[in-house]
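Engineer: Residue-level listing of the chains:
2 protein chains.
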Amino acid sequence: MPELRKDPLIGRWVIIATDRAKRPMDFAASRDEPVPSGECPFCEGQESRTPKEIIAVRNGSSANQPGWKVRVVPSIKPVLRIEGELNRRAKGMYDVMDGVGAHEVIVETPQHIAHTADLPLEQIHLSLQATMQRIADLERDPRLRYALWFKNYGSVAGAGRVQHARSQLIATPVTPLRVKEELAGTRRYFEDKERCLVCDLISQEQEAGARVVMSTPHILVLCPFASRFPFELWIVPKRHSCDFQAMQPEEVADLAAVLKELLGRLKAVLNDPPYNALLHTAPFRQPRKTGYWKTIVDDYHWHIELIPRLTRVAGFEWGTGFYINPTPPEESAKYLREATVAATAGAH
Amino acid sequence: MPELRKDPLIGRWVIIATDRAKRPMDFAASRDEPVPSGECPFCEGQESRTPKEIIAVRNGSSANQPGWKVRVVPSIKPVLRIEGELNRRAKGMYDVMDGVGAHEVIVETPQHIAHTADLPLEQIHLSLQATMQRIADLERDPRLRYALWFKNYGSVAGAGRVQHARSQLIATPVTPLRVKEELAGTRRYFEDKERCLVCDLISQEQEAGARVVMSTPHILVLCPFASRFPFELWIVPKRHSCDFQAMQPEEVADLAAVLKELLGRLKAVLNDPPYNALLHTAPFRQPRKTGYWKTIVDDYHWHIELIPRLTRVAGFEWGTGFYINPTPPEESAKYLREATVAATAGAH
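Respectively, the protein sequence lines represent chains A and B. Sequence positions in the first sequence follow the numbering used here and run 32 to 379. Sequence positions in the second sequence follow the numbering used here and run 32 to 379.
Do not rely on the hints blindly, as some may be mistaken.
Since the list gives no way to pick out one identical chain from another, each pair is judged satisfied if it fits inside one copy or across any two copies.
To be verified - Straight-line C-alpha distance at most 30 Å; calculated DSS-like pairs for lysine-lysine: (1) Lys108 / Lys37; (2) Lys211 / Lys122; (3) Lys224 / Lys37; (4) Lys83 / Lys100; (5) Lys365 / Lys108; (6) Lys53 / Lys37.
Read the hints as simulated data drawn from the structure, not as lab findings. Fair warning: this is a prediction, and the values are worked out from it, not measured in the lab.
Generate the whole structure from the sequences, applying the supplied hints.
Structural biologist: Following this line, the structure appears as structure tokens:
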């Protein structure tokens with residue numbers, strides 16, 4: 032059983048994979064050759080290579096058979112297990128619990144296509160809907176507190192050897208430290224001003240314009256003022272909302288189009304860079320003993336962070352949380368704002 | 032002038048290099064061929080390739096000439112500038128200040144040797160003494176709040192193309208977020224128990240033994256209970272002290288020997304892995320307006336974090352602060368405890 036352990040200094044939880052430990056020699060060989068499409072577990076026709084699907088978008092075909100558009104399956108190598116109780120306990124001065132949670136893969140296409148920007152818009156749209164549905168469903172499990180949705184593209188970004196467009200969902204029994212810090216920061220601001228910090232930020236950024244990459248009816252894309260990395264991006268809904276899974280149908284459609292266009296520009300401008308995307312959304316608000324989470328709605332605003340992996344994170348950044356960014360966000364925004372997918376794609 | 036910008040959500044400061052911006056094409060080419068030793072700016076005889084030295088260990092030779100054992104020079108590419116005032120100001124809702132600070136390189140040897148474990152013990156000892164002296168000196172600058180000492184080894188760990196043993200020191204006008212969080216965590220513990228959290232941790236770890244790698248008269252080396260990474264290490268002084276630069280002579284000598292042995296074991300067990308080392312020490316305590324920092328001494332305990340870079344950090348870890356560690360620290364400690372530098376070195 033994987034174990035969740037809490038750092039006694041700063042309260043960060045870590046998942047320790049106690050039952051499939053990597054030994055020193057396991058790190059030596061870097062095997063980055065891509066898996067051939069015939070062996071890809073996410074391709075249509077290869078359904079038996081994954082655990083049984085949780086949900087799928089199908090037109091009358093049977094579960095776990097070909098004939099689907101989007102498929103959500105449990106991870107082949109889950110970092111948390113869905114069975115069992117949390118078993119919260121102490122080990123001397125330390126806090127521990129069992130690694131209970133969910134780890135799912137959202138397969139965005141039945142075809143062996145690596146980059147989300149290269150998918151038909153409909154596939155991106157259906158994938159977002161499936162993600163929202165899964166988060167809403169996981170929220171009903173009283174053991175779980177948070178859903179981390181993320182996407183790794185390229186081996187530098189941790190995507191592994193299978194080059195098939197997908198994202199992942201990990202539901203955890205604790206709220207991650209970074210999310211807690213954001214919640215605390217936005218709550219302080221709200222208590223002071225009775226306004227949402229991110230709503231204020233959106234209005235200031237739209238007025239300034241220098242860091243705006245795209246602005247559609249429902250979505251704003253910007254390079255954050257204190258970007259840690261070159262070409263770091265925020266994708267923010269213009270309407271105040273704390274929950275990603277509570278998007279309205281027109282917002283989902285808009286977000287799908289924004290993602291396709293933005294990922295296409297990123298691919299064109301930065302020569303197909305590895306990247307990570309991750310969702311910051313409010314923690315689950317199942318009624319708890321304290322009733323506390325129920326009340327947070329006005330002071331948090333969901334958003335997606337998108338980070339091209341262009342620079343190496345060194346000792347300075349590790350552990351100190353202090354970043355050096357060699358490209359001002361105003362420059363990054365300018366390049367991405369002016370890029371056109373078609374024009375630059377032609378130059379390849 | 033580089034700019035320090037504060038993230039409005041969580042309060043993290045970021046250095047934005049406004050004056051030497053990297054453009055999209057600058058990230059494309061990865062140039063990892065090592066710099067030939069004849070062109071290494073840190074080798075004896077190449078003193079003119081670096082800015083003028085700040086301090087050096089010399090036996091009567093002239094400054095910036097050959098004939099030295101350890102040399103501290105300003106960074107060739109400083110991320111912060113030593114001249115000027117902070118000029119704290121607002122940009123709309125954001126906080127900004129000028130990028131004032133120090134960025135120095137501690138050159139550990141006049142010879143072109145890459146790995147600290149391969150240096151004579153005396154060189155490591157002299158380098159530690161030079162680092163302590165520089166931190167104590169920088170603490171006198173009232174504009175500065177914190178000294179970050181760190182070491183990058185190997186290109187994956189951000190070391191660049193020059194393979195010459197060295198470490199770096201960046202003094203910042205703000206205390207990094209991660210350090211603040213540690214200070215807050217250890218202070219909470221102290222207020223509750225009137226004991227240092229890390230002193231308690233040392234005594235519990237020595238009793239348990241499973242995560243201990245080395246124990247000398249003054250230093251304990253352990254794999255932390257909630258390790259984020261395989262083979263992550265903490266090097267902790269057994270005597271309670273909040274300031275690295277306040278080490279006693281016998282502690283410095285002991286730490287030098289521990290570093291040589293530990294880095295040698297790491298090199299042997301993990302096949303010369305890239306790694307980062309970084310110091311966590313108390314913020315500078317120059318008398319400030321509030322007089323606040325003056326008082327923190329009982330509730331913080333300096334330590335060095337050492338992180339071999341074996342795994343890739345993916346979307347899950349980025350931004351969430353939630354880590355997945357595939358090697359339990361008890362396993363990591365066992366391998367490093369049982370390793371002998373000579374025996375495994377012979378097997379190469």
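Engineer: All hints are to be evaluated individually against the structure, with a verdict given for each.
Structural biologist: Right, here's what the structure says about each hint:
1. Lys108 / Lys37: within (23 Å within a copy, 38 Å between copies)
2. Lys211 / Lys122: both (24 Å within a copy, 26 Å between copies)
3. Lys224 / Lys37: Answer is between: at 19 Å across copies they meet the 30 Å cutoff, but 34 Å inside does not.
4. Lys83 / Lys100: For lysine 83 and lysine 100, only the intra-copy Cα distance (16 Å) is at most 30 Å; the inter-copy one is 64 Å.
5. Lys365 / Lys108: For lysine 365 and lysine 108, the Cα distance is within 30 Å only across copies (25 Å; inside one copy 40 Å).
6. Lys53 / Lys37: within (21 Å within a copy, 38 Å between copies)
The structure is consistent with each of the numbered hints, conforming to all of them.
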